[in-house]
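A.B. asks: Sequence:
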Amino acid sequence: MNYRCTILLIFAIGLYSCNHKEKINSVVNKQKESEIIDKNSITEIQIDTAFRDTIAIDYLKNKTLLNILKLLPETTMNSWWWPKKDRIKAVESI
357 MNYRCTILLI FAIGLYSCNH KEKINSVVNK QKESEIIDKN SITEIQIDTA
407 FRDTIAIDYL KNKTLLNILK LLPETTMNSW WWPKKDRIKA VESI
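Residue numbers (my numbering): 357 to 450.
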């Protein structure tokens, strides 16, 4: 009768050990998945912020306004901190 308890105890320990390894593996897999998700979301955020302030401008429709923007004196743009050289570059790049 004593050997039955020993066999039962060994079986229970083996079963517990296998179950414990599965839990550890699932935790490790979840951590790896979350790292992959985090890396992907960071990439998406960087892509979104790179173009968040870019707009399409039709130069021919807005030519007069863009030319006025180049001619405005520095004092009109002080609150924006947008120097005349930068405004001219911006208009020429459109």
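Among these hints, one or two may not hold up.
Here are the simulated lysine to any residue pairs, SDA-like style, with alpha carbons at most 25 Å apart [unchecked claim]:
1) K419 to W438
2) K419 to F367
3) K419 to P439
4) K441 to T431
5) K419 to N434
6) K441 to I413
7) K419 to G370
8) K445 to D414
9) K441 to Y415
The hints are simulated quantities; they were obtained by calculation from the structure and are not laboratory data.
A.B. asks: It remains to establish, for every hint, whether it holds in the given structure.
C.D. replies: Here is what the structure says about each hint:
1. K419 to W438: holds (20 Å)
2. K419 to F367: Judged against 25 Å, a Cα distance of about 84 Å means the pair is violated.
3. K419 to P439: holds (20 Å)
4. K441 to T431: holds (13 Å)
5. K419 to N434: holds (23 Å)
6. K441 to I413: With a Cα-Cα distance of about 20 Å, the restraint between K441 and I413 holds, given a limit of 25 Å.
7. K419 to G370: Violated - the C-alpha atoms of G370 and K419 are around 80 Å apart, more than 25 Å.
8. K445 to D414: holds (17 Å)
9. K441 to Y415: Between K441 and Y415 the Cα gap is close to 19 Å, so the pair holds against 25 Å.
Violated hints for the displayed structure, listed by number in ascending order: 2, 7.
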